[in-house]
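**Student:** Once you have looked at the hints, place chain B on chain A.
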Amino acid sequence: MNEAAYNFAYLDEQTKRMIRRAILKAIAVPGYQVPFASREMPMPYGWGTGGVQVTASILGPDDILKVIDQGSDDTTNAVSIRKFFVKTAGVRTTTTTADATVIQTRHRIPETALHEGQILVFQVPIPEPLRFLEPRETETRRMHALQEYGLMHVKLYEDISRHGEIATSYAYPVKVDGRYVMDPSPTPKFDNPKMNDCPALQLFGAGREKRIYAIPPYTQVVSLDFEDHPFVPYRFNGTCALCRATDSYLDEVITDDHGSRMFVCSDTDHCAMRRAQGHGLDPEPTR
Amino acid sequence: MIDTEDHPLLRAQALTKWYGRQLGCRDISFDLYPGEVMAVVGESGSGKTTLLQLLSAQLAPTAGRVLYRMRDGIMRDLASVGEAERRFLFRTDWGYVHQEPALGLRIAVSGGANVGERLMAVGWRHYGRIRAAAKDWFDRVEIASDRIDDPPATYSGGMRQRLQIARNLVTNPRLVFMDEPTGGLDVSVQARLLDLIRGLVGELRLAAIIVTHDLAVARMLSHRIIVMKDGAAVESGLTDQVLEDPREPYTQLLVSSILPA
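Residue numbers (our numbering), protein chains in the order written: chain A, 1 to 287; chain B, 288 to 548.
Treat the hints with caution; some may be incorrect.
[Said to hold, decoys possible] Subject to a maximum C-alpha distance of 16 Å in a straight line, what follows is the list of computed EDC-like cross-link-like pairs (lysine to aspartate or glutamate): (1) K155/A - D437/B; (2) K516/B - E535/B; (3) K16/A - E40/A; (4) K175/A - D197/A; (5) K155/A - E535/B; (6) K155/A - E165/A.
Hints were generated in silico from the structure; no laboratory data involved.
Same shape as in the complex, but just chain A (with noise of 0.2 Å):
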């Protein structure tokens, strides 16, 4: 399994320690981008290259991992970084969100709180909130330092004014221990207010970008907002037709050409999870 070819984790111990040093600063400025040396990982950039990476770095031997992809644990991309890990690094693995040590994610925040010890790992595509608004690197690194966030609220007041409500459901952008406007990666915004006072720590990975950046532990994440339009996480307002959840993110699956449709959980962990509980006895299929 573990073939001598690789180091543990696939990367090499030099590039493990630019990868912590970056996550250590990462930490101790919550919200900031640290830049760190990307390296070529064996996926495509937009697979989760950042991700991975980080996952990589701060992978032990005793760790237990769980992979998920839109809340997924069994789609393509989940299933790949899962396997490339028992490979290179013969970790255990699981499912189980309370079980994890690591878990790396691709847009969800798990449905299970997450509890003290854990570390979520974030594929993070764009890392700058501000980037569609000013495209200057040099000028955003400014912003940030001078914490110059006006034109934030710009882009959720063009939202309002041509939708009637701030319309952005996903990469919601959020302050960060009172200083710093992170992008939360493309997490839809029902699982912003997870990331506020969060016991587990997370990391967010961006490959072709080149930036990592954490929310410590209990650290206060503060979605914006204007006072007449609040921030409210958005959910589809239907129930999980396999658990009969009512309050978890739900995915829409289109059944047939005739406008059947069905909501399931987005978290396959949750949702067997309450499955097996006997929270779904009667099956209510599609409607």
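**Tutor:** Frame of chain A, contents of chain B only:
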């Protein structure tokens, strides 16, 4: 706020700028008082824009300094003001109207957001109030308020310039820099814009420094005038006086080169 009217708002002292061996401007000194409008005229390449950038702290002078009276009444050297404070000054107490509106506007976001940006930058967090302020400024600069959600990319040249003015004045600045505000506009649009600027400047008691090559603009808007040639101020004084009775040969040439109406 004790008798600030009697003290200069901005004071330029022996401002000189060299770009390597190339002279930008040389030894310019003047005082600008609250509510006063000063025009800087001269032909292309005479150092007008360099001077404006020195005054607004976008360029560092080679020699000399610019003093500015902050809102607390204390006169400070702009070179000693930190970047954070300087940028804050730029967003609140100053305005800068570019000749090319695209430089001063966010062309991709709506007109209303363009006006509201400065308010949000100084901490306004109430959508309704920001929008009301934006609407109010749309009225004041005479842009139809049903265009408030359209991006300035869809505006005409004159409207963009008006929007730029609204965007700058929304935080009640005390000093506005204008770089050829009417350049590139046709004559009738120019006349209406000048009328608007003159009205606003008087109403809000703004101090303004207007760079222009158009003596008609200077005559209409300004109280005082500085005539520049080859980086130096060749003549300065009350606008009427300088334009009616120019003393320097260059100013005489400039004045006589206007086509009679």
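**Student:** All hints are to be evaluated individually against the structure, with a verdict given for each.
**Tutor:** A quick look at each hint next to the structure:
With a CA separation close to 14 Å, the supplied pair K155/A and D437/B stays within the 16 Å bound. The straight-line distance between the Cα atoms of K516/B and E535/B is roughly 11 Å, inside the 16 Å bound, and the hint therefore holds. For the proposed pair K16/A and E40/A, the alpha carbon gap of about 13 Å is at most 16 Å, so the pair holds. Using a Cα cut-off of 16 Å, the hinted pair K175/A and D197/A holds, with the two alpha carbons roughly 13 Å apart.
The straight-line distance between the Cα atoms of K155/A and E535/B is roughly 53 Å, outside the 16 Å bound, and the hint therefore fails. At roughly 12 Å between alpha-carbon atoms, K155/A and E165/A fall within 16 Å of each other, so this suggested pair holds.
When the structure is compared with the earlier hints, a violation turns up for hint 5 alone.
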